[in-house]
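J.: Chains A and B supply the protein sequences, listed in that same order. Mind the numbering: the first sequence is residues 3 to 116 in my numbering, read in order. Mind the numbering: the second sequence is residues 56 to 166 in my numbering, read in order.
Check before you lean on any hint, since a few could be wrong.
Claimed, not checked - Under the rule of at most 27 Å between Cα atoms (straight-line distance), these lysine-lysine pairs were calculated in the DSSO-like manner:
#1 B:K153 with A:K22
#2 B:K57 with B:K111
#3 B:K57 with A:K66
#4 A:K22 with A:K57
#5 A:K66 with B:K97
#6 B:K122 with B:K57
#7 A:K43 with B:K125
#8 A:K66 with A:K16
#9 B:K122 with A:K16
#10 B:K153 with A:K43
#11 A:K43 with A:K22
#12 A:K43 with A:K66
#13 B:K111 with A:K68
#14 B:K153 with B:K111
#15 B:K97 with A:K43
#16 B:K125 with B:K111
#17 A:K68 with B:K97
#18 B:K57 with A:K43
#19 B:K57 with B:K125
#20 B:K97 with A:K22
#21 A:K57 with B:K153
#22 A:K66 with B:K153
As the list claims (entries may be wrong) - Per the computed footprint, the stretches of chain A lying under chain B, defined by three or more beta-carbons under 8 Å from a beta-carbon of chain B, are:
#23 50 to 59
#24 104 to 115
To be verified - Some chain B residues flagged as far from chain A (calculated, every beta-carbon gap over 10 Å):
#25 S75
#26 Q86
#27 E100
#28 L101
#29 S107
#30 Q119
#31 S123
#32 K125
#33 Y126
#34 S128
#35 Q135
#36 G157
#37 Q158
#38 T163
These are computed hints drawn from the structure, not numbers from a lab. Small disclaimer: the values here were computed from a predicted structure and weren't measured. No residue lacks a Cβ here, since even glycine has one placed at the ideal position from N, Cα and C.
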Amino acid sequence: GAVVSQHPSWVICKSGTSVKIECRSLDFQATTMFWYRQFPKQSLMLMATSNEGSKATYEQGVEKDKFLINHASLTLSTLTVTSAHPEDSSFYICSAGDYNSPLHFGNGTRLTVT
Amino acid sequence: QKEVEQDPGPLSVPEGAIVSLNCTYSNSAFQYFMWYRQYSRKGPELLMYTYSSGNKEDGRFTAQVDKSSKYISLFIRDSQPSDSATYLCAMRWQGAQKLVFGQGTRLTINP
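Generate coordinates for the entire structure from the input sequences, incorporating the hints supplied.
T.: This is the structure we're talking about:
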């Protein structure tokens, strides 16, 4: 089955620094990937849709300048949390698929900003 | 009203019981229906994927879709403690990849 790899699984950073999270589709090409944020005991909240070779589409209320998304190839999308603050601490998850298959998810990245 | 409604639970049942999880939705354009299982601090794992109405079985899991009632279900037979997780329903319409999720139901199977 389709495999989506996300790295790192856990990162701790200091307030004001930036953190990059990678999402890779290992055995298929993904023209579109999705980035979610999940708070404890809540469902997934879509942050943005990452499109290969073009700008990401952000959901309402998501700061484009804080959450930079780059989809440089058909197998890699990155999410950079810039100038991170404690309120950015959360669980970030990516997903990928194609139009003929369901989305598969990475294992998530737990971000803690101190 | 949310597009997809799912009782968040928590739901606690004894080992071996049959578990029934449900979602209702309001958008009749949804065509693809999924159930994901999510363990704590892990990404969602695809369990079942169905198109339009009908039933689909995979081992101990059965997914049902009733488009006329805008109602989907996931049944787990012979439940095991390892089935303890949060179960998320998700759906999308034809030609779209973006998913709409339910809130997720927290399930605990007691040995």
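J.: Given the hint that A:K68 pairs with B:K97, test it: the Cα-Cα distance must not exceed 27 Å.
T.: 24 Å, holds
J.: Beyond 10 Å on every Cβ pair: is that true for B:S128 relative to chain A?
T.: 18 Å, holds
J.: Measuring Cβ to Cβ, find out whether B:Q119 lies farther than 10 Å from everything in chain A.
T.: Holds, because the least Cβ-Cβ distance between B:Q119 and chain A comes to about 17 Å, which exceeds 10 Å.
J.: Hinted pair, alpha-carbon criterion (27 Å max): B:K57, A:K66. Please report holds or violated.
T.: 25 Å, holds
J.: Tell me if the straight-line CA distance from A:K43 to A:K22 falls inside 27 Å.
T.: 24 Å, holds
J.: Confirm or reject: B:T163 is not an interface residue toward chain A, with every Cβ-Cβ distance exceeding 10 Å.
T.: 13 Å, holds
J.: Measuring Cβ to Cβ, find out whether B:L101 lies farther than 10 Å from everything in chain A.
T.: 6 Å, violated
J.: Quick check for students: does the CB of B:S123 sit more than 10 Å from each CB in chain A?
T.: 23 Å, holds
J.: Has the given pair, A:K22 with A:K57, been kept, meaning a C-alpha gap of at most 27 Å?
T.: 17 Å, holds
J.: Is the nearest Cβ of chain A still more than 10 Å from the Cβ of B:E100?
T.: 7 Å, violated
J.: The stretch 104 to 115 of chain A covered by chain B? Criterion: 3 or more residues, Cβ-Cβ distance below 8 Å.
T.: It holds: at least three residues are needed, and the stretch 104 to 115 of chain A offers 8 whose Cβ sits within less than 8 Å of chain B.
J.: Run the C-beta distances from B:S107 to all of chain A and say if the shortest one exceeds 10 Å.
T.: 14 Å, holds
Against the hints set out earlier in the document, violations occur for numbers 9, 13, 23, 27, 28, 36 and 37.
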